[in-house]
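With the hints as extra help, turn the sequences into a complete structure.
Protein chains in written order, with my numbering: chain P, 16 to 401; chain F, 11 to 291.
Source of the hints: derived by calculation from the structure; they are not laboratory data.
Do not rely on the hints blindly, as some may be mistaken.
[As the list claims (entries may be wrong)] Computed footprint of chain F on chain P, listed as stretches where at least three residues anywhere in the stretch have a Cβ under 8 angstroms from a Cβ of chain F:
#, segment
1, 51-60
2, 87-96
3, 114-123
4, 127-135
5, 364-373
Fair warning: this is a prediction, and the values are worked out from it, not measured in the lab.
For glycine and all other residues, C-beta sits at the position ideal for the given N, C-alpha and C.
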Amino acid sequence: MGHFGLPRNANWTSFTPTMHRADFIEERDGDARSIMLTGSLSLSCLGDVPKRLDAIDGPVTCIDLSRIEHIDTVGAWVVHRAAERLDAPVRGADPGAERLIGAVSQAGLPVEMRPVQQPPLLRILDEIGTAVVQTAQTMVGLLGFLGATIITGWMLIRHPSRFRINAVVQRFEAVGVTALGIIGLMSFLIGIVIAQQGSVQLEQFGMEVLTVNLVGRLTFRELGVLMTAIMVAGRSGSAFAAQIGTMKLNEEVDAMRTIGVQPMEALVMPRIIAVVVMMPLLAFYSSILAIIGGGFLCAISLDIPPVTFVQRLREVVPITDVWIGLIKAPVFGLIIGIAGCFQGLQVRGNAEEVGQRTTAAVVQAIFLVIVIDAVFAVFFTWIDWK
Amino acid sequence: MTEAECLDITEGQGEHAISIRGLRTSFGPQVVHDALDLDVRRGEILGVVGGSGTGKSVLMRAIIGLQAPDAGEIEVFGQPMTGEADEEAQLAIRRRWGVLFQNGALFSTLTVSENVQVPLREYYPAIRPELREEIAGYKIRMTGLPEDAAPKFPSELSGGMRKRAGLARALALDPDLLFLDEPTAGLDPIGAAAFDEQTRDLQQTLGLTVFLITHDLDTLHAICDRVAVLADRRVIAVGTIDELLATDHPWIQEYFNGPRGRLAHAGSVQLKTSGAKGAPA
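In structure tokens:
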């Protein structure tokens with residue numbers, strides 16, 4: 016016999032009929048065996064009955080439902096399955112129970128419940144192969160996208176009336192103005208860290224004064240633009256991918272095409288122009304803030320007054336360093352914009368894809384920025400901008 | 011084993027599955043419902059109609075606890091669902107309803123079969139995975155999905171199939187109460203009629219109470235026992251379609267006696283007479 020189900024309702028009173036946990040007894044009559052189910056055969060009350068029913072073996076004459084209190088489709092399914100396995104008829108079911116059992120047995124089971132899975136070794140090989148192919152496809156795709164961007168850019172130059180000035184200005188704000196705070200703070204702190212760490216090392220040679228060279232050259236040439244690129248990739252590149260990806264999922268991009276608006280023109284170009292224009296400004300701003308940070312540290316811990324700091328800066332930092340930073344910045348911006356928009360447009364299917372593509376956009380942008388930075392470093396040394 | 015898990019479906023054996031008194035909901039200054047009363051009887055299919063923006067979906071969301079009302083009382087199976095009431099008891103009631111959202115609201119990263127298994131996994135972690143999969147399997151078939159739908163992802167399904175998959179998930183816990191938000195919207199007439207029939211079948215087989223929001227006049231005529239009309243921030247009338255036709259509220263007259271309403275009515279009468287001839291039992 017089952018146990019009493021505890022009442023969950025605060026208003027429960029003693030005369031309300033209550034549900035009993037499902038259970039069953041095996042009744043032996045000589046060799047014949049029958050199963051008598053009791054209690055409530057519902058999802059919440061079944062407990063271990065399905066498991067115990069599965070354990071029953073051997074001939075069973077019938078499954079008796081005459082003493083059950085309630086049955087739902089799960090109970091009906093369990094009874095149906097046991098009856099089929101044991102080849103035993105179901106007896107004593109009231110019309111409702113009979114109807115339920117009929118409904119679930121008619122429904123049956125789908126042939127496939129899960130997507131087909133390969134054996135582990137094959138799957139690993141498959142995944143490696145897919146990754147290689149995808150990487151190659153992405154690189155080709157990026158190159159193609161760069162081409163499409165250039166073509167659209169050229170078309171905009173020939174038909175300036177189609178240039179979406181409002182959209183571009185809006186992006187200027189999102190990419191540039193709102194990034195000022197975080198990039199400024201980051202650069203200022205990095206300037207302090209470079210000056211502090213550099214001075215500790217240079218002190219050993221009594222050359223603390225060279226800290227100015229270190230801060231000045233490093234920030235203008237490399238760190239200002241590189242850190243800005245990483246920050247912009249994280250802030251704006253990801254936003255581009257997520258925005259365009261979500262629009263793709265909502266079929267907004269398709270709607271645009273049918274109306275005759277080119278997504279390249281309306282979505283991609285404003286973002287790429289914004290990031291290409293904003294990157295040099297942000298990179299320069301970042302370098303200046305890093306220098307201020309370095310100067311600040313020099314003033315308080317190395318006793319180099321700001322005036323001396325600036326004077327020395329003008330002596331040791333060649334103007335080519337500034338040019339190098341300013342030349343690299345728009346190229347990095349282009350990479351970030353293209354990676355973000357390209358990945359966004361690749362989204363199809365579901366919400367998880369948006370996340371994956373956003374991650375891919377940022378990772379690709381930062382990776383490519385660093386690769387191109389290395390190429391630039393070699394190139395500028397080669398043309399003697401040392 | 012915790013005995014308290016055994017849900018007592020005989021609890022709250024009152025006449026009403028849902029009973030709402032003096033409900034008021036608002037979004038900022040915009041009042042959606044004010045002093046709204048509604049009773050849903052056990053075992054009936056109640057159709058809820060109303061113009062766009064009269065708060066049909068908001069009413070459903072208020073009942074299922076997604077939208078906190080400003081005032082009023084909502085009881086489901088005799089259990090108060092508003093305010094600081096017993097959370098345990100509310101949770102027990104939550105297990106007794108299933109909801110089909112307007113666009114199915116399937117989890118896009120899970121297969122259909124996994125979608126149906128989510129509520130089972132969540133509420134009954136003790137069920138063995140094989141049995142859980144079987145339960146999902148026959149539920150998927152019961153809602154009329156084809157055999158090969160179970161391992162597919164929602165993005166691979168058509169709109170109608172997505173609705174059916176959503177219905178299968180709503181039925182996962184064998185609920186007593188089913189909420190359907192515009193189940194036939196966006197389906198072709200044949201698909202919509204099939205879905206109506208499926209709903210009716212399931213309701214009768216499983217003994218469900220159905221709260222059905224719809225714009226589909228054919229659905230109202232075909233399967234609803236009673237219809238509640240939402241207007242002027244409250245339920246202005248509840249009854250069978252014939253009873254509603256007897257009222258003289260202009261919106262109701264316009265709704266049921268407009269060209270589309272008359273067509274649907276004619277269609278349902280025709281269907282009933284031919285059905286009576288076909289099945290003399």
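> Do three or more residues from the segment 114-123 of chain P put their C-beta atoms closer than 8 angstroms to C-beta atoms of chain F?
Replying inline: Check passed, 6 qualifying residues.
>> Tell me whether the statement that chain F covers the segment 127-135 of chain P is true, taking a Cβ distance below 8 angstroms and needing three residues at minimum.
In response: holds (count 5)
>> Under 8 angstroms between beta-carbons, do enough residues of the segment 87-96 of chain P, three at least, approach chain F for the coverage claim to hold?
In response: holds (count 6)
> Holds or violated: the segment 364-373 of chain P covered by chain F, criterion of 3 or more residues with Cβ-Cβ distance under 8 angstroms?
Replying inline: holds (count 4)
> With a cut-off of 8 angstroms between beta carbons, are at least three residues of the segment 51-60 of chain P near chain F?
Replying inline: That given contact holds, which follows from 5 residues of the segment 51-60 of chain P lying within Cβ reach (below 8 angstroms) of chain F.
Violated hints are absent here; each numbered hint is respected by the structure.
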